[in-house]
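Please model the complete structure; the sequences and the hints are all you need to start from.
Following the working numbering, the numbering of the sequence shown begins with -3 at its first residue and continues without gaps.
If you're looking for bench data, these hints aren't it; they were derived computationally from the structure. One should not assume that every hint holds.
[Said to hold, decoys possible] Okay, derived cross-link-like pairs now, SDA-like style, lysine to any residue, Cα gap no bigger than 25 Å in a straight line: (1) Lys28 - Arg42; (2) Lys78 - Lys55; (3) Lys79 - Lys55; (4) Lys28 - Arg45.
[To be verified] Computed spacing ranges between beta-carbons, pair by pair: (5) Glu89 - Thr68: 53 to 63 Å; (6) Thr36 - Glu62: 35 to 45 Å; (7) Asp76 - Arg42: 42 to 52 Å.
Idealized CB from N, CA, C, for every residue including glycine.
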Amino acid sequence: MSTNICRSSKDELLVPMMCGATNVTLNQNDIKKILIPLPTIDEQRRIVRGILAKEAADKLQAIGEEISFGITSSEEIVFDIKKQIERLLAIREASPSISLS
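Here it is as structure tokens:
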């Protein structure tokens, strides 16, 4: 919104302050005097709420991805453990005299 206000006000505010024909310049003191309109307090609060909501959503997304990675890793570990148990059981069945405890 503020970008649109600045763009729409450019010709009205800045062009009259420009000096020179070829190399157009603006006086720094003139620029400092320009009043930049701000959104209402309610609009500013709405903007802040939107930014905070986006940040929270991004954090939740990252946490969800970490949890998903952890679950996948856990599932892989469980799968590997089951394979090891199956191998040990197969060894025990092949050699009943071997104790697994």
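Hint-by-hint comparison with the structure:
With a C-alpha separation of about 28 Å, the suggested pairing of Lys28 with Arg42 is violated against the 25 Å cut-off. Between Lys78 and Lys55 the alpha-carbon distance is near 34 Å, which puts this suggested pair outside the 25 Å criterion. Our distance criterion of 25 Å between C-alpha atoms is broken by Lys79 and Lys55, whose separation comes to about 36 Å. Between Lys28 and Arg45, the direct Cα distance comes to roughly 30 Å. Violation of the 25 Å bound is thereby established for this hinted pair.
Separated by about 32 Å at the C-beta atoms, Glu89 and Thr68 break the suggested range of 53 to 63 Å. Judged by the Cβ atoms, the range 35 to 45 Å given for Thr36 and Glu62 holds: they are separated by roughly 39 Å. As the Cβ distance of Asp76 to Arg42 is approximately 51 Å, the hint placing it in 42 to 52 Å holds.
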